[in-house]
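Here is what each chain is made of, one letter per residue.
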Amino acid sequence: MSPMTPDAADALTELHAHDMAGALRAGIVSARELAAAHLARTHRTDQGLHAWLSIDDERALAEADAADARLSAARAAGPDALAALHPMHGVPVALKDLVSIRGGQATAGSRILEGYIAPYDAHITERLRAAGAVILGKTNMDEFAMGSSTEHSAYGPTANPWDLGRVPGGSSGGSAAAVAAFQTPVSIGTDTGGSIRQPASMCGVTGMRPTYGRVSRYGIVAFASSLDQVGPFGRDARDAAALLHAVAGRDERDSTSAPIAVPDDLISLPAGDDEAAGWLRGKRFGIPAEYFPAGMDAGVDARIREAIAALEAAGAVVEPVSLPHTEYALAAYYIVAPAEASSNLARYDGVRFGHSIRGGSDYLSNYLATRGGGFGPEVKRRIMLGTYALSAGYYDAFYLKALKVRTLIKRDFDLLWEQGFDALVAPTAPSVAFKFGAKTADPVEMYLADACTLPVNMAGLPGITTPCGLSDGLPVGLQFIGAPWSEAALFRAARAYEGVTAGAEWRSMRPHDLAALEDPAVPTPAERAARH
Amino acid sequence: MSDTARTTPSTAADAVLERYEAVIGIEIHCQLRTNSKMFCGCSTAYDGAAPNTHNCPVCLGLPGALPVINRQAVEYVIATGLAISAQIPERTQWERKNYFYPDLPKGYQISQYAIPLAANGLLPIETSAGPFVVEITRAHLEEDTAKLVHGEGSGADRTTLVDFNRSGAPLMEVVTEPTIRTGEQARRYAEELQLLLRAIGVSDADMERGQMRVEANVSLRPRGTEPFGTRVEVKNMNSFRSVERAIAYEIERQGHALDNGEPLVMETRGWDDGRQLTYRMRAKETSDDYRYFPEPDLPPLRVDAGWVAAVRASLPELPSARRARYVALGLGSYDAAVITADPTMLTAFDAISAAESAPAKEVANFVTGAHAKALKAGDANAAGTAGASTPAGIAVLLGAIASGTVTRQVGRELLDRHIADGTQAADLLADAGPSPISDDAALLGHIEAVIAANPRAVADYQAGKPVAGFLTGQVMKATGGAADAARVTTLVRERLDREG
Ligand SMILES: [Zn+2]
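Residue numbers (this note's numbering), protein chains in the order written: chain A, 1 to 532; chain B, 1 to 500.
Keep in mind that the hints were calculated from the coordinates and are not lab data. All C-beta atoms, glycine included, are put in the ideal place defined by N, C-alpha and C. Some hints here could point you the wrong way.
As the list claims (entries may be wrong) - To give a feel for the contact side, a few chain A residues facing chain B, derived at Cβ under 8 Å: (1) Ser100; (2) Ala106; (3) Gly219; (4) Ser225; (5) Asp254; (6) Ser255; (7) Thr256; (8) Ala346; (9) Tyr363; (10) Thr387.
Unchecked claim - With a straight-line cut-off of 27 Å between C-alpha atoms, the simulated DSS-like cross-links for lysine-lysine are: (11) Lys235/B to Lys284/B; (12) Lys380/A to Lys97/B; (13) Lys97/B to Lys401/A; (14) Lys404/A to Lys97/B; (15) Lys284/B to Lys97/B; (16) Lys147/B to Lys97/B; (17) Lys380/A to Lys404/A; (18) Lys410/A to Lys283/A.
Claimed, not checked - Chain B stretches covered by chain A per the calculated footprint, using a threshold of three residues with CB under 8 Å from any CB of chain A: (19) 67-75; (20) 98-106.
The shape of chain B in the complex, shown without the other chains:
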């Protein structure tokens, strides 16, 4: 959507991309919006809770504890898979990914390796260079780790505390093919995936809160060649903007290294948002051996066609379909994208336009403009609009503005009153008095009177001073506000120019 508002991607990276092709794959971990954790009944509402208060033997990895699959989490990944047109297998299984780290209580993470819950998906996106389709290799389920809190000191004095509240929370990992070519594509993909996950309600996907974690694998190869270059993994990108910038930085860094014949190494680099650069976190001389094997504590999971069909039937309208529908209603693609990206805007837009009392464009302008401000000032009401207003009432008032029954200015005042106290739109329109004077002849009568009464202002106008507004105001006063100010200004100018 808001491509125009973005900072331009590194031009240095663009220069590199004239000689090299970037090969970019994105891995995104999303926390799912389940009530309980992936393999136990502990609540996932641990945000802001005291450390180690949302735990049980299972998510603490105590001896004898066993996992039980969270069906809701499975459904969320199936829903995601369906939303990206992926294949859902009839049978999936769980594997253990074995490694030692203090944030991993069992010494292994239960994940999916051989058979992901969703495979071979697609996500179309719009970029400044046109449409692009991101190929998604897989989406699978796994469990989150605990959180380490490092204390002061070093060496033997260094202490690290472990908060297991997050341990065992459900995570969905979504992996793309390495067919992304620019930082912008990567950013747009992450934005579109976030929008999709929020639209289908499976994840809040807030990057700053760690609910959506983006990692990029970036390598370069000379244009026209096939073999992959040395791959670098980039982490710690905490915003969409940093995704685009970190990748642009890597493209630039790797390009210069290749140009200068400097060797690149397989490594994991972190994005430093303050310094706007990536730094080495650890070298990857050997690939990690996680010793994956089927999780013996969980039988394979059957995903029968009926279950998939039920999930498919429960999917809401997807963002891409919504944008297409809005464009068909007469909105521009920019407005369609802006409204689709904002849950309160799209709720209000759908509710108001459902009344069919106002043109879609008028509704869109209201929803993205004045109404957005009103919504920000106070929470949306149950109908999805602001204050005491009803979608039908707003629609009637917008219709009155669009048809010229009231002036835009009066209409806005009526809308404000409707929002503030819920006065019926019909009453407001009745009280607004007669329809605005749309007859130019009648207006010209008022204009002539004002010009006659203000010779000084007329002289100033002829001298090039900005007094058209003053004269317009005098005319509006004379009509008791029952005129379209814009039309009056035009007529005043025409009249005075003729004079001159």
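Next comes chain A alone, as it looks inside the complex:
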């Protein structure tokens, strides 16, 4: 193949992963060219976005060369060998900076993990390598995934490519923004209370939180163990589904990962829009009233109702339903998640790795100095909340009660699955992307950004968000919530909605500030945030 011009190379970043898969197998493009194009674009455009915490060109190109070698070998071996390659083979991917890569950093957006080099691969890192994916680097996030805007990253915020003065959502804001800004076709995030779906919604991309237990958490820096799940971002349902297919499945090293087969449906979603839309006929969707609170953006409300009408027009049956315990979900979540976090984060003591302040008079003073300086304010707030909730005398009133509420929330959903609903349809976030600083002064305001997503985590369910138009020029996300292990159906629903709305004008819109990112003098998100 002859060398590409810079413009031709950059055009590769416009491709979907499923297009890349076809081009790679046909020999039209190489994994190295794909990796190089995305690395070049990322280096060129990330000053104003700050979606990345580390980019490893050398490793990425080496992985790409290995993928190309396997491709050549498969091509020589014949069509079966070629078909056996995973759809993610040779496709660039970004990982949230809490996924362990042997020999690489994993800061989880925190100072306390500065300098820590993981000595082992996460399960999903191994799976991605096995699939032949090419890891470009690590993306920005709220510190320990605690936040809904990526403003709580110790390394500065990430901007939203639709409006560089706004947040990308969070906590996986870097992964969402990088996909939206064509720096990578797909990326990995984690979703503890909405940290994949909410930023995907705000950045206008597809994101899924799988069923709890679908993807191994081994090697993922923990926030709240009973709520954390790894999931994919993509610029469409097919890409996100293929990435989930690559990383999902039982792992003996995570006792909470389920021995349930990963459906191959995930890598055979219909390519044709009409075929995809046809899936909707006769499907039964519930619309939970509690997910349309009085305070939600009118524009978001309008887009969601239009989307529901479109589903109905395509033959789906839509019924109002109720999840009566939704109003307690946020309060219960902010007991359970901080309680687990307060324990999970106890290991950051400066004794073995990362940020470490020594030389105090005793070990306690070293702990206090290390943790006091290493954690940011939101993390400290949650550690205190969680420690309090677990304390003797408060455990029953807070933690135990929250677990009971959790059971009730789960039962709300179970009753609907028993009634035969294929999925529930709701907004992903109550608002579009907000401006830097808009919610940092009031933690509870920030917590409310996850009101439509965190009940799903409390119930351990899968949820997907797919773009459904713009409000005030900013993306709105449509959420499908499913029964446990219904990821394939949720991806079919999202793919069907893509099919139904294939001709919509908003579908052709690209993030408004992509051009601004090309400006070498573009302010960094930290500089913009400082103005607010």
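Place chain B with the ligand on chain A using the hints.
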């Protein structure tokens, strides 16, 4: 068992116990004999290894690492539970015990709090005051901590190194009810538990090597009263003897304080074996808040009845049953206890007595006496006996001694040869010549001849000098060793006394 060999417990403590009742609960941590650690695949064979060589992300508490339950460790606790007649729950769970210390890499220990793997057990023991039943509240699983190695210096110059080899090793904690009343009961309980754990193969339970760590909670209350007194926790007891002595010391110390109206405080005290006293390690003004909560990284563990039944079926004979069986075979309770307490002795005893060629008592004497020495001199062979010997061969020779076919003296020589070179017992007996002269008349003939030939010795005997041994030796010589020396001595004495 060896109560008689013990130093007597503090008489001062006994005096205190006339006025006060001691309330004693024992907590014992045992390292389990698994190949790998509690929640990771790291080897537990780190004894003597260089520091931090038996580690992985899990037992180092690295970000993203997750625990996986060691099924063997669970089975060992179930086995222990069954051996102490405890209840095994159908479902158990794991909790995190949260506290900060540099030897605890995750900042929490995975343990069992609400539902232990074994509950409400019993362990009968024998004491100098008779039998006693120790009530065991619970036995549960948890993980061990790392080891701190403190360096020189003080303040900011003081360094402490951490060796994580032990981190995450499986530990079983066994907790008794506070119904133990004396230091002796506490010691006997610890000894019996060690014996039990070794018998069922779940722990080497070596106290000196830290595989079994005993802690005692001790308080006193005036006799006839119900409320508990101020409780003191005693640690650092590195031998069974120190368990008994530390508790006796605490009883004495607390008794004097109460007698003198001095306040006792809740505290943790350490046993100083050199000075034979307990000292304050730290005060316990407030109870620690470990913020226990269910471990979200591990699902609850189902213990189905089939699993429990399989573990029960695999249990070997327990020490109490073995002692009872030995007594039924005709051994005294002391011999039964001594043999039961020693794995090599009990293996040899069972193997030799299985041949049914010798009385149990004869086998017991051999196993605890001459044979124990032979075993100490060299390793036991595959059959459980010493050197080249076989259990059946030994049994035949012991049978020959017991029946008088050979003298005890000749029999011992034959046993030595059998052990040394494995010569068949039948060949040895054939070569030993005729049966010993058991006919007193024949012996008396030899005795008369010896007396006639040694008038000087006879005179010495009459003068009260110890020459019976010499004369016996002369008789034995005359018979070519084919006589029972003890019988000869008796006959010589009778003969000479008659003379006098
Ligand atoms: Zn390990």
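Structure-based check of each hint:
1. Ser100: holds (5 Å)
2. Ala106: With a minimum Cβ separation of about 6 Å from chain B (threshold 8 Å), the hint on alanine 106/A holds.
3. Gly219: Because about 4 Å separates glycine 219/A from the closest Cβ in chain B, which is inside the 8 Å limit, the hint holds.
4. Ser225: holds (4 Å)
5. Asp254: Holds, about 5 Å.
6. Ser255: Because about 5 Å separates serine 255/A from the closest Cβ in chain B, which is inside the 8 Å limit, the hint holds.
7. Thr256: holds (6 Å)
8. Ala346: For alanine 346/A, the interface hint holds, since the closest Cβ of chain B sits about 2 Å away, which is under 8 Å.
9. Tyr363: holds (5 Å)
10. Thr387: holds (7 Å)
11. Lys235/B to Lys284/B: holds (14 Å)
12. Lys380/A to Lys97/B: Distance of about 20 Å is within 27 Å: holds.
13. Lys97/B to Lys401/A: holds (20 Å)
14. Lys404/A to Lys97/B: holds (22 Å)
15. Lys284/B to Lys97/B: holds (18 Å)
16. Lys147/B to Lys97/B: holds (18 Å)
17. Lys380/A to Lys404/A: Within the cut-off at roughly 26 Å; holds.
18. Lys410/A to Lys283/A: Measuring from Cα to Cα gives roughly 22 Å; hence the hint holds.
19. 67-75: holds (count 3)
20. 98-106: With 6 residues closer than 8 Å to chain A, the stretch 98-106 of chain B meets the three-residue bar; holds.
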